[in-house]
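Quick note, the sequences are listed as chains A and B, same order. Sequence positions in the first sequence follow my numbering and run 922 to 1360. Sequence positions in the second sequence follow my numbering and run 922 to 1360.
No wet-lab data here; the hints were simulated from the structure. Some hints here could point you the wrong way.
Said to hold, decoys possible - Simulated DEER-style distance windows between Cβ atoms:
1. B:R945 x A:H947: 35 to 45 Å
2. B:R1015 x A:P1119: 57 to 67 Å
3. B:G1195 x A:A1223: 21 to 31 Å
4. B:H1026 x A:H1293: 39 to 49 Å
5. B:D1218 x A:A1116: 15 to 25 Å
6. A:G1281 x B:A1152: 40 to 50 Å
7. B:T983 x A:A995: 53 to 63 Å
8. B:G1174 x A:K1235: 44 to 54 Å
What the hints assert, rightly or not - Heads up, incomplete: computed chain B residues facing chain A, CB under 7 Å, no partners named:
9. H1177
10. A1180
11. S1184
12. F1187
13. H1189
14. G1202
15. L1245
16. N1264
17. S1269
18. M1297
19. P1298
20. L1306
Virtual Cβ for every residue (Gly too), placed ideally from N, Cα, C.
Protein chains: 2
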Amino acid sequence: MSHPRGPLSQLRRGHEELVLGLLRKHGPLSRSELGKHCGLSRTTLYDILADLVAAGAVVATTSQEGPRGRGRPAETLTLNPDAGQAIGIDFARRGLHVAAINLAHEIVGSASEPHDADLPWAQRVDLAERLIGSLTITGTGLDNAALSGSGIGALSSTGTGTGALRLGALDAIGVGVVGPVDGRAAEDDDVAAEAPHPVQVLLRERFGVPVLLDNNTRLAALGESIWGAAADGQDVLYLRLSHGVGGGLVVGGSLHRGAYGLSGEFGHITVEPGGARCGCGGRGCLETVASIRAVLDAYRAAGGRATDVRELVKAVEAADRTALTLLEGVGARIGEMLAALCNAIGPSVIVVGGELVETGPALIEPIERALHEHVMPVSRHRVSLRRATLGEVAGALGGIALVLHESPLLSRYPAGPDLAEHPPSVDRRPVTTKQSRHP
Amino acid sequence: MSHPRGPLSQLRRGHEELVLGLLRKHGPLSRSELGKHCGLSRTTLYDILADLVAAGAVVATTSQEGPRGRGRPAETLTLNPDAGQAIGIDFARRGLHVAAINLAHEIVGSASEPHDADLPWAQRVDLAERLIGSLTITGTGLDNAALSGSGIGALSSTGTGTGALRLGALDAIGVGVVGPVDGRAAEDDDVAAEAPHPVQVLLRERFGVPVLLDNNTRLAALGESIWGAAADGQDVLYLRLSHGVGGGLVVGGSLHRGAYGLSGEFGHITVEPGGARCGCGGRGCLETVASIRAVLDAYRAAGGRATDVRELVKAVEAADRTALTLLEGVGARIGEMLAALCNAIGPSVIVVGGELVETGPALIEPIERALHEHVMPVSRHRVSLRRATLGEVAGALGGIALVLHESPLLSRYPAGPDLAEHPPSVDRRPVTTKQSRHP
């Protein structure tokens, strides 16, 4: 199937998205109800519905509640909750996280597995494929047997069992990786198009769909803003206190990358002028104060005993003075920095995640005090500070969100029922939608 | 003329914007060239062109360069450079600035006039109307006489002379005011729609077109990012050092408002913990260090003599040690703050404006040094620090940019040739496009 990219083909995709959006919003609808809502001509609508049903994105069922005795009962159209519309994968430094949603934008499953930091990309992608194959559909209540004849094949070699995720309607994969990602370089004529990340190439070969990429901490920010602590927040600041300190900004509902893919580097904001040397080359960066290692080092230097966050949490629970005083100071530095960013950016929600947050109120309360002391008084009661809720799959869920946000007009038509037998040609699909402008 | 707002009417406006965009990009085009570029059907294209010509947005002229001897010469379509598509007005505290552009997105004129801080809104709007009427079209080279029969009337009572700006194709007015503006409140169902600003009501009554509103310093940021020091910058941080200290963020080419219209409040970021009390209620805010008054006060406290910025500039030019040392310290505080924001937001350009920048390198160089010292090394050579170039009309130009950015699908069809005789009914047009969703 060809994918012309002129205005008319975009128009058609817009119409498809309109129909899918209406089914997402209203649930099952008859053809005539759909017609009323979408404003398309009968011919156009029927044409689009036929294609969506053929692709497995939409299911037509005979309504039980139609008016009796007035001709044949009306057909009702529903999103196919069994179609995996998007997959997110977080290739973290020492572990892999995957998640999938269906066309109704419900999370249908997630899985994680740790691995060594030096695992090669090819093996990480193998692992990702295996984890995706292990995802089973939960909570849809749909009769899978009813769809078995619909021609939707399973992509994953291990995903053929009953209840396994069906990838026939897979749209795209959203991927998080460690380090700066400049998603826009390829759009800028002045800059040579960024080479695709190896994981983009490998995943595209494996799944035959577009692979969108971003920094995994930024994706966690997007994930938390959609399904997590800041659900429905349009302007969200996410800070992660882990082995590194970083974060991301969601601005007007969209992930903010910055001019060179270098936004959200909260860990490298100077909080102690002339302080400790940081890995970035600077001095007194927040990461030298608030990373797991920095906090544990400072705790031991003050006479405390803890080799990991769990032991630190125990010390806090035992009301250890040294631990509480230390976290009070760390929290104050964090809160002061957050206040400055609030004044500049104006988020409605600040989400703090990462392992260090497991120390609870001993850290969160001093953060909140310093934030409230230094933010503009007029904003003081408007910004809400919350703990992250998505845990380690935040990045994978953010990958899905990236697909939903960045490619609303991506075709609903995937590679077809049997990719294994007919692998996609190299230029059938772009690695990312953006790079397609510079073939 | 009715303005239905369903998907199909949006589609039509999208087609109009497509045609206007092509003429903006390619210059004069024949109908068949337009047809090739836009992908619309002949019928749809001709229909849209007829309406655009009737509205005065597009001019049809007989091409001199058409192939001879092959039927009648082809008609060429051009944007009407004589149509004032958008007006920007900056209602600053003690002065008024206006600017206008034509459909080709060329600035056709600007004007300023100071006034007392307590001038009532009605009189400010009178003054705005007078200033707009005084704008004359420059540099278009178009024969005005050729258009005199086209039915495009002049709106402004004082703008009837030859060469005066014609407002027949006026789309909207973008307005900057002092203080926080939350442009999105009216979109949020949880929040009562913000009452329109008095200036919105008055201008709409006067001109009969939508009036978009934002904070005037943020609009200056947008103006500088389009026509000024950061022209074509997609991610721009603008800082204004004036009687107050404020600024704005342009994110991905769009103005960033923040969740409650409170973004860009750089003046209230704490730069000296426990420092001087600020008007906002905080302590040690940047404004207590880097506003005109703060700098002059500190200069006099250190034994210097200057009652305004001009005298301070003279002291700097005379290499006055006290002045140079003071600005060195002020610049360092500014640069440190800018570095923190760079790490968080990742702009490609930082623009510094406001009267205090007239002190030149004595202030800019210490800002740059502190910025480079504290920004992440990886970003150090990517972010560019520049002085603002638009001067006092930056806000008015930003108002125009607001119109172009926020209402790309606004109808090209204005009130008609003679608004004075047929004033628009109250609900014919929304005060802003956004509020129209909550009538």
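Which constraints among the numbered hints does this structure fail? Numbers only, ascending. Structure breaks hints 5, 15 and 20.
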